[in-house]
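Visitor: This is what each chain is made of:
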Amino acid sequence: MPRMPKRIKFRKQMRGTLRGNATRGNYVSFGDYGLQALEPHWLTARQIEAGRIAAQHFLRRQGKVYIRVFPDKPVSKKPLETRMGKGKADTEYWAARIKPGTMLFEIAGVDETVAKQALARVAQKMPVRCRFVGRRLSV
Amino acid sequence: MSRTTPSIVARRRDRVGTRYARRLRQTGQLPAVIYGHGAAPLAVSVDQKQLLTVLRQGTHVVKLDIEGEGGETCLVKDLQFGYLGDNLIHVDFTRVNLEERVTVHVHLDFVNTPASLGAGSLLTHDHSELTVTCRVDSIPDTIRVDLSKMQGNHLNAGEIELPPGMELAMDPGTCVASVTRIRTEATGEAATVVAETTPEPAVIRERKEGKD
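The listed protein sequences derive, respectively, from chains V and E. Per the working numbering, the very first residue in the first sequence carries number 943; after that it's consecutive. Per the working numbering, the very first residue in the second sequence carries number 15; after that it's consecutive.
In isolation and in its complexed conformation, chain V is listed as follows:
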């Protein structure tokens, strides 16, 4: 089931712009390995779900998959053959705003080779260039 918010304050949002790089959610926090986005994009709830299914089907029942992004932006779309005007259309899908550096998925409980293979399959489902990363240095 594609993800979406349970409660919202406003039904529709302005489009906004995606500027800059990720300053939060840009390192592996929960798992051991992660998939990091290298480009800005709107990631739809369906694409996130496709990535989750790809990872879990590959891992079978070995590891744990963490989804680090949530589609909280409603995107509206006018129906086909509709004249312009008459107000903003209804929500078509939900999307997560992805900036370069955002950690999309994380995997725990499997070794590096398996995690790399699983996240490579997830990367195929993503609309952005991604890379495989491990935990970063900390003190």
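Each hint should be verified, as a subset may be incorrect.
[Stated by the list, open to error] Within a straight-line C-alpha distance of at most 30 Å, the following computed DSS-like cross-link-like pairs (lysine-lysine) qualify:
1. V:K1006 - V:K1041
2. E:K91 - V:K1041
3. V:K1041 - V:K1067
4. V:K1030 - V:K1019
5. V:K1067 - V:K954
6. V:K1006 - E:K163
7. V:K1015 - V:K1030
8. V:K1058 - E:K63
9. V:K1058 - V:K1030
For the record, the hints were derived by calculation from the structure and aren't laboratory data. It should be emphasised that the depicted structure is a prediction, and the values quoted were computed from it without experimental measurement.
Using the hints, position chain E against chain V.
Guide: The following block gives chain E in isolation, referenced to the frame of chain V:
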């Protein structure tokens, strides 16, 4: 701390700021700052490769040989990374005495497997490091955690055996490692039914129509 304190050569930085820091990084140097013990903060630069080699070994304390100013024993307080998280851009050092007690994060080295881990269950490491208070000269590189001694499905921070003289500086009830059963997903018709009946998000506060 199982070995002698490693030494790193540092140079004083006279020019500070984004532009000069960027130029330093291009030459393989890393901008850093030393503060603490009531003395004025000192902007320095260190060799990036040398520092990374030391940090990858889990070292917390280094001896900085500052050119023209003598040596200072420092604790690595903070690391700053670029937006992709792989390039180190700045380091914070704090002055310490080897006898004083400090609070640091020490990596956990998990060994063996718990007895409760079987088919259909998964071992997750919820925390990869422990916050402890100890003397500067006795900060370990890692703390070894033997998971075969794990009682039940959870290992809390308070249950980990710490070296003598070391105190836990975090909630002892924090789960460090756990064994969880893997849930099976709803597939086929059940999943389709759930997807079809997905509710719309509830609006918390609607605008009142005809308010004006």
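Visitor: Decide, hint by hint, whether the structure agrees.
Guide: For each hint, the structure was consulted:
1. V:K1006 - V:K1041: 24 Å, holds
2. E:K91 - V:K1041: 28 Å, holds
3. V:K1041 - V:K1067: Distance of about 17 Å is within 30 Å: holds.
4. V:K1030 - V:K1019: At roughly 8 Å apart (the allowed maximum being 30 Å), K1019 of chain V and K1030 of chain V satisfy the hint.
5. V:K1067 - V:K954: 27 Å, holds
6. V:K1006 - E:K163: Within the cut-off at roughly 23 Å; holds.
7. V:K1015 - V:K1030: Roughly 15 Å separates the two Cα atoms, so the pair holds.
8. V:K1058 - E:K63: 27 Å, holds
9. V:K1058 - V:K1030: 42 Å, violated
Figure legend: structure checked against the earlier numbered hints; the only hint not met is number 9.
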